[in-house]
Every structure is written in C-alpha cells, then in structure tokens.
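Chains as they are written, first to last, in my numbering: chain A, 1 to 256; chain B, 1 to 262.
Worth double-checking, as some hints may not be accurate.
One-sided and incomplete, this derived list gives chain B residues near chain A with beta-carbon spacing under 8 Å [unchecked claim]:
1) Q55
2) S144
3) A183
4) V248
5) G258
Think of the hints as simulated: they come from the structure by calculation, not from any bench. Quick caveat: nothing in here was measured; it's all calculated off a predicted structure. Beta carbons are placed, not taken as given, at the ideal position from N, Cα and C, and that holds for glycine.
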Amino acid sequence: MNPFRLDGSTVAVIGAGSGIGEGAAEACGRQGAIVACFDVNLLAAQATADRIVEAGGKAEAAELDILDPEAMKAALESLGTLRGVVATPGVNVRKRLLDYQPDEFDRVVRLNLGGAMCVLQVAGRLLSAAGGGSIVLLSSIRSQVVEPGQGVYAATKAGIAQLARTAAAELGATGVRVNALAPGVIDTPLTKPIQQNEAWNRAYAGKTALGRWGRSDEIGNAAAFLVSDASSYMTGAVLFVDGGWTAIDGRFDPPA
Amino acid sequence: MNAAPNSAESLFRLDGKVAVVTGASSGLGVVFAQALAGAGASVVVSARRQDRLEQLASQIEDGGRQALAVTCDVSREEDVDALATRALERFGRVDVLVANAGISDPRPAEQEPLEVWQQVLAVNLTGVFLCNRRFGAAMLEQGSGSIVNIASVLGVVGAGQIPQASYTASKGGVVNMTRELAAQWSRRGVRVNAIGPGWFESEMTEEMFASDQGVRWIRRKTPMGRPGRGEELAGPVVFLASDASSYVTGQILLVDGGWTVV
Numbered sequence: 001m002n003p004f005r006l007d008g009s010t011v012a013v014i015g016a017g018s019g020i021g022e023g024a025a026e027a028c029g030r031q032g033a034i035v036a037c038f039d040v041n042l043l044a045a046q047a048t049a050d051r052i053v054e055a056g057g058k059a060e061a062a063e064l065d066i067l068d069p070e071a072m073k074a075a076l077e078s079l080g081t082l083r084g085v086v087a088t089p090g091v092n093v094r095k096r097l098l099d100y101q102p103d104e105f106d107r108v109v110r111l112n113l114g115g116a117m118c119v120l121q122v123a124g125r126l127l128s129a130a131g132g133g134s135i136v137l138l139s140s141i142r143s144q145v146v147e148p149g150q151g152v153y154a155a156t157k158a159g160i161a162q163l164a165r166t167a168a169a170e171l172g173a174t175g176v177r178v179n180a181l182a183p184g185v186i187d188t189p190l191t192k193p194i195q196q197n198e199a200w201n202r203a204y205a206g207k208t209a210l211g212r213w214g215r216s217d218e219i220g221n222a223a224a225f226l227v228s229d230a231s232s233y234m235t236g237a238v239l240f241v242d243g244g245w246t247a248i249d250g251r252f253d254p255p256a
Numbered sequence: 001m002n003a004a005p006n007s008a009e010s011l012f013r014l015d016g017k018v019a020v021v022t023g024a025s026s027g028l029g030v031v032f033a034q035a036l037a038g039a040g041a042s043v044v045v046s047a048r049r050q051d052r053l054e055q056l057a058s059q060i061e062d063g064g065r066q067a068l069a070v071t072c073d074v075s076r077e078e079d080v081d082a083l084a085t086r087a088l089e090r091f092g093r094v095d096v097l098v099a100n101a102g103i104s105d106p107r108p109a110e111q112e113p114l115e116v117w118q119q120v121l122a123v124n125l126t127g128v129f130l131c132n133r134r135f136g137a138a139m140l141e142q143g144s145g146s147i148v149n150i151a152s153v154l155g156v157v158g159a160g161q162i163p164q165a166s167y168t169a170s171k172g173g174v175v176n177m178t179r180e181l182a183a184q185w186s187r188r189g190v191r192v193n194a195i196g197p198g199w200f201e202s203e204m205t206e207e208m209f210a211s212d213q214g215v216r217w218i219r220r221k222t223p224m225g226r227p228g229r230g231e232e233l234a235g236p237v238v239f240l241a242s243d244a245s246s247y248v249t250g251q252i253l254l255v256d257g258g259w260t261v262v
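Next comes chain A alone, as it looks inside the complex (with noise of 0.2 Å):
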C-alpha cells in the first residue's frame, strides 16, 4: 500500500482558487482524493475544481469565506467523512510598522489568524468528532525571519504556527493532526508583481540555497504529504518548503 495515495479520501482546500491553495489542491487530486475546492472566489474555485477533473481526478468546487464559521462548519459537514482540511488564504500589507494603519493592521490580522483560528475551531471539532485526520494550516518563512515592511504579516504567521502547535498538543488524543507549512518565496499571482521587479526577483532567488523562486505544486505536494498517511507520525511540526532561505544566512553571494 502506498502511503502517500488519498483514494477514495475527501479533502478540503479552503483557499483552492488561486496560487498557493490552488497547487494543494491538484496535488490532492493528483493523489487521489476527491477534493472541495473552497474559495471566496467561486469563479475560481471552480476553474481549480475543473483542471483537477480535466486530469482525471475528483473534485467539487463551492463559495467559502474562511472568517464564516458557520458557513464553514455547514460546507464541511456536507461533505461526509473528511480526511483532511487545508487552508491558505492570506494577506500582506507591506509598510513599515511606523506607518501601519489601525484598519491594515486589523484586516492582515483577522484574516490570516482569524482565518486559521476560524479553520481550527471548526475543522477541530468535527475531525475529533469523527476520531481523526489532518489539519494542514499555512505559515510562512516569515514565521522565523523577518524583512522590513513584513512585520504584521510576521506576527500572524508566527501566531500561526504556535496556534498549529497547541492544537496538535490539544487534539493530539483524538487523532487528529495539526502541522502547518512554511513556504519561502513562491511563484503565485500574489507575487507577480515581486518577480516583474528584475532585483527584487533576483535577490529573493539569491538567498535561497536553491538559488530560485518555488512552485506552487511544490508546496502543493507536501501539502498532500501532510493530509496523507505517509506523515502518520507528525504533528505540530511546521514544515519548512523554502529551498533552505531559512536554513542559510545568504543576503550575500560572495564572488568565487
């Protein structure tokens, strides 16, 4: 039995219309799992729901604003026995934090540890109802290093990241599993404007060991790895996808 296969599994992706949600979702299918692809974003999510069948796989498609909870709580009860939720919506202002105002800070904050919060409280209760699975939650490198302008979203990927882990310590009885991954710098239509900038796009390939941007299936992938059996054993870990940004001090690339 291959470990990493999720036949016959349902899963949903809260986030599936767009970039990084969207590569976890194929990568879902492409294991397959039958995947509900959620999205504020119908539209979106249904174009992601329709290339995952295009491929051959199984998927559904529905609106789905992460910060509704009761919402949320009716859409994941309709789909039956769940193997596994991710969730990937986020949002960056970037400004400096002497220049933050009270409604960005308020709006960063409640959607990106709102969401989370949102995801594990219903998430969590109908999974530990049901004896088990896994909650996949999105943090970031920025959980761990930070840049001058990214200090909220920071805050909230770090907040992130412990509100993974202190589910897994809560949850941890119950069969249900908590881990949250931690892209680096991802090629996605959020960061299209980064990657236009010639520098900008050069000195964040530069300080990977990589020496380049990821992909979205390639965090699509360990996405799948999380939900999937092949991870029974991890919990409350936060995986790190970054091509080694955090594991190396790389601002500078001295000449050979």
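Starting from the structure of chain A, add chain B where the hints point.
Same frame as chain A, now just chain B:
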C-alpha cells in the same frame, strides 16, 4: 493502478534510483531500506554486522529490487571510502544517502567517561560527516542527489531522564551540519535534509520500552499519546528522498508525534 495525471506516481517514487542506507542491520535502518526499496530504488545496505545485512538484502531482492550488502564502520574513513567504491562499482551512481548509523550510551554527564563521549561522537557525528562528504562528492559530480541524515528530537531538545550528553551533542551537530551542507551543495543539485524521529521502538530504545515506567512516560509526554511505529518513518524518508520535496533543503523534519511542541 492507473498512472495518475502529472506523473503523481513518479513524484513520490524512486524508480531507477540508487540509495545507500547506513546502520541498516537493525531497527529504523531496516525500515528506511525497505521503504526506499518499496518506492522503487536499488538499495545498498551497510552496517558493522554482515549476517543481518545479507538477510535484509535477500528480502529486498525477493521484493523485486536490487540490493547489495556491504560491511562498514562509518567512523572509519577507509570503510566509508570502500562502501562508496563498492556501491559505485555495482550501480554506477548513488542518488540517495540515508545516513542512519548511530549509537547511544546513556550515563549521567558527571560520570560520562571521555571514551564514551568520543566513541558516540565518532559514529554519530564524524560518521555522518564522512558519509555525507564521500557520497556528497559523488552526487555533486552527477549534479543531483538527495541526502537524508537521521538526527533525533534529541538534536533539538534535551533528554534529562535518559541522560546522554554525547548523543544529544552528536545529534545537535548533525542538525546544523545538515543546514551547512544544504547551504554549500543545494545549488549544485544536492539537497540535504534531516529527519528527527521521536520515540520509536528499536534496539537503541529497548531498555526504555521494556519498562512500564518508560512507556508510560512516552505516552504521557507525547501529544499523540503513543510512541511511533517504525513504518511511520517510511513516508518521511521517501518524501525527502524523492522529487516530491524538490523545494525542501536544509530542513529538519520532526517525526515525533508532537514531542517537541509541548
């Protein structure tokens, strides 16, 4: 099974790859060797004890993969060189190294003899370095490879109740050497990661698992409420060895049932 789209089948697979596992005569080493063979790799199994290796190699061959058993004490430079020579002679390349060989000798630090300290460091840290250096060089020449060093939760937290300064120091050394080698080699195609297992039943933990007190301690302190089962390390090692982890390098994958989060 139908081939899944976008080569999902090949992503978490090692078909056609050659893997070397040290410390393969017992416990977790056997799990790693069988997991890699199960994912399609030819496997070179090595340890100090040849008899058990032959048995494992036969099992792997019975499963339809190629295997080679080589006796090796990883703390001896000439042994590691000979292991690499045999592996390369037989298979022509090495794509995966699982540096697993390790020993432990728990004693209170204030009574830990220097010879014990030096022996544990020689196998657990110097041995891992020698294997990484030799096989890493071969992988750099090929321009590709994946190294998985077997560290421990005791490379990131202390033990105390099972006192072993030498073991914890050696595993902590493996943790940061893994980051350094990832920094040196990743751009040349060689990813270097580590697995930090929590409490698994093996020869090394025999004593602890033999006592009710030891088992109770593990159950009480592990968020998942139980020790790990050997086969639960199969997924992590195949994930790190395979292309499924193509953007993962310099990482310590903790497979510990939550031991280190509380």
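Hints versus structure:
1. Taking 8 Å as the C-beta cut-off, the interface hint given for B/Q55 is violated, the closest approach to chain A being about 24 Å.
2. The closest approach between the C-beta of B/S144 and any C-beta of chain A is roughly 12 Å, which is over the 8 Å cut-off, so the hint fails.
3. The interface hint given for B/A183 holds, since its Cβ lies 4 Å from the closest Cβ of chain A, which is under the 8 Å cut-off.
4. Hint status for B/V248 relative to chain A: holds, with the closest Cβ pair at about 5 Å, below 8 Å.
5. The closest approach between the C-beta of B/G258 and any C-beta of chain A is roughly 4 Å, which is under the 8 Å cut-off, so the hint is satisfied.
The earlier numbered hints that this structure contradicts are 1, 2.
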